[in-house]
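Undergrad: Model the full structure from these sequences, guided by the hints.
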Amino acid sequence: DAKTTQPTSMDCAEGRAANLPCNHSTISGNEYVYWYRQIHSQGPQYIIHGLKNNETNEMASLIITEDRKSSTLILPHATLRDTAVYYCIVRVNTNAGKSTFGDGTTLTVKP
Amino acid sequence: GAVVSQHPSWVICKSGTSVKIECRSLDFQATTMFWYRQFPKQSLMLMATSNEGSKATYEQGVEKDKFLINHASLTLSTLTVTSAHPEDSSFYICSARDGTGGYTGELFFGEGSRLTVL
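From first to last, the protein sequence lines are chains S and X. Using this note's numbering, the first residue of the first sequence is number 13, and each one after it goes up by one. Using this note's numbering, the first residue of the second sequence is number 730, and each one after it goes up by one.
A few of these clues could be false.
Unchecked claim - Using 27 Å as the maximum straight-line C-alpha spacing, the simulated DSSO-like pairs for lysine-lysine come out as follows:
{"no.": "1", "chain 1": "X", "residue 1": "K770", "chain 2": "S", "residue 2": "K15"}
{"no.": "2", "chain 1": "X", "residue 1": "K770", "chain 2": "S", "residue 2": "K122"}
{"no.": "3", "chain 1": "X", "residue 1": "K749", "chain 2": "X", "residue 2": "K793"}
{"no.": "4", "chain 1": "X", "residue 1": "K749", "chain 2": "X", "residue 2": "K784"}
{"no.": "5", "chain 1": "X", "residue 1": "K770", "chain 2": "X", "residue 2": "K784"}
{"no.": "6", "chain 1": "X", "residue 1": "K770", "chain 2": "S", "residue 2": "K110"}
{"no.": "7", "chain 1": "S", "residue 1": "K64", "chain 2": "S", "residue 2": "K110"}
{"no.": "8", "chain 1": "X", "residue 1": "K793", "chain 2": "S", "residue 2": "K15"}
{"no.": "9", "chain 1": "S", "residue 1": "K110", "chain 2": "X", "residue 2": "K784"}
{"no.": "10", "chain 1": "S", "residue 1": "K122", "chain 2": "S", "residue 2": "K81"}
{"no.": "11", "chain 1": "S", "residue 1": "K81", "chain 2": "S", "residue 2": "K64"}
{"no.": "12", "chain 1": "X", "residue 1": "K793", "chain 2": "X", "residue 2": "K743"}
{"no.": "13", "chain 1": "S", "residue 1": "K15", "chain 2": "S", "residue 2": "K81"}
{"no.": "14", "chain 1": "S", "residue 1": "K122", "chain 2": "S", "residue 2": "K64"}
{"no.": "15", "chain 1": "X", "residue 1": "K793", "chain 2": "S", "residue 2": "K110"}
{"no.": "16", "chain 1": "X", "residue 1": "K795", "chain 2": "X", "residue 2": "K743"}
{"no.": "17", "chain 1": "S", "residue 1": "K110", "chain 2": "X", "residue 2": "K795"}
{"no.": "18", "chain 1": "S", "residue 1": "K110", "chain 2": "X", "residue 2": "K749"}
{"no.": "19", "chain 1": "X", "residue 1": "K795", "chain 2": "X", "residue 2": "K770"}
{"no.": "20", "chain 1": "X", "residue 1": "K795", "chain 2": "X", "residue 2": "K784"}
{"no.": "21", "chain 1": "X", "residue 1": "K749", "chain 2": "X", "residue 2": "K795"}
{"no.": "22", "chain 1": "X", "residue 1": "K770", "chain 2": "X", "residue 2": "K749"}
{"no.": "23", "chain 1": "X", "residue 1": "K770", "chain 2": "X", "residue 2": "K743"}
{"no.": "24", "chain 1": "S", "residue 1": "K81", "chain 2": "S", "residue 2": "K110"}
Stated by the list, open to error - Residues of chain X placed beyond 12 Å of chain S at every Cβ, according to the derived structure:
{"no.": "25", "residue": "V748"}
{"no.": "26", "residue": "K749"}
{"no.": "27", "residue": "D756"}
{"no.": "28", "residue": "L805"}
{"no.": "29", "residue": "E816"}
{"no.": "30", "residue": "S818"}
{"no.": "31", "residue": "F820"}
Honestly, the hints are just simulated from the structure, not real lab data. Keep in mind the model is a prediction, meaning the values are calculated, not measured. Beta carbons: idealized from backbone N, C-alpha and C, even for Gly.
TA: This is the structure in structure tokens:
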């Protein structure tokens, strides 16, 4: 699986958009970008994933650059409950494909 | 989304005893499950890939005789920490993918099991 690089921490004001970047410059053509988050002392939660097109769901939007070497997760209106560690992972989209977690970004949403 | 359940949520045991942690996919079948370990203030570390009906595949540095994995059915995988010692105290998390018609590739994680070895 390709290595990802994320900032260690970020702050965001409540109600504002949170933009979390991820670099994955060695991504392969068949690897997808997945985002998960982990709230303290809980199991990680799936947020969104994509291959090359931008994606949006009820939780977030995922913007992938045209060269696919980086992406941005956007939480449009951050709330205090969005405070968590956010992990960006790239891997092939097969049932047995392993997901290797990096250090992630600790997002703190402040009132 | 799909639900993965772990049991127990937390366990305290004496050094030298063995502890079993169960991971169940409640509403889907999982031919493959993954076991992770997480120490405080660290990321998740993949320990092994659990394959239904066959032997687990362990990551480098993980002792297979120490961490026994059994994946006897499409909805259940178990992790047994044998002869646990204080350094095995950690947060153990399992995950699985829906390998059937609903497959979209995302991992679903259990709630985690916190093991404390005295």
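Undergrad: Work down the list of hints and note, for each, if the structure agrees.
TA: We went through each hint and held it up to the structure:
no.: 1; hint: X:K770 x S:K15; result: holds (20 Å)
no.: 2; hint: X:K770 x S:K122; result: holds (21 Å)
no.: 3; hint: X:K749 x X:K793; result: holds (14 Å)
no.: 4; hint: X:K749 x X:K784; result: holds (17 Å)
no.: 5; hint: X:K770 x X:K784; result: violated (31 Å)
no.: 6; hint: X:K770 x S:K110; result: holds (22 Å)
no.: 7; hint: S:K64 x S:K110; result: holds (20 Å)
no.: 8; hint: X:K793 x S:K15; result: holds (26 Å)
no.: 9; hint: S:K110 x X:K784; result: holds (16 Å)
no.: 10; hint: S:K122 x S:K81; result: violated (30 Å)
no.: 11; hint: S:K81 x S:K64; result: holds (10 Å)
no.: 12; hint: X:K793 x X:K743; result: holds (21 Å)
no.: 13; hint: S:K15 x S:K81; result: holds (11 Å)
no.: 14; hint: S:K122 x S:K64; result: violated (32 Å)
no.: 15; hint: X:K793 x S:K110; result: holds (18 Å)
no.: 16; hint: X:K795 x X:K743; result: holds (16 Å)
no.: 17; hint: S:K110 x X:K795; result: holds (21 Å)
no.: 18; hint: S:K110 x X:K749; result: holds (23 Å)
no.: 19; hint: X:K795 x X:K770; result: holds (24 Å)
no.: 20; hint: X:K795 x X:K784; result: holds (14 Å)
no.: 21; hint: X:K749 x X:K795; result: holds (12 Å)
no.: 22; hint: X:K770 x X:K749; result: holds (24 Å)
no.: 23; hint: X:K770 x X:K743; result: holds (24 Å)
no.: 24; hint: S:K81 x S:K110; result: holds (20 Å)
no.: 25; hint: V748; result: holds (18 Å)
no.: 26; hint: K749; result: holds (18 Å)
no.: 27; hint: D756; result: holds (15 Å)
no.: 28; hint: L805; result: holds (17 Å)
no.: 29; hint: E816; result: holds (20 Å)
no.: 30; hint: S818; result: holds (14 Å)
no.: 31; hint: F820; result: violated (7 Å)
The structure fails to meet hints 5, 10, 14 and 31 from the earlier list, while all remaining hints are met.
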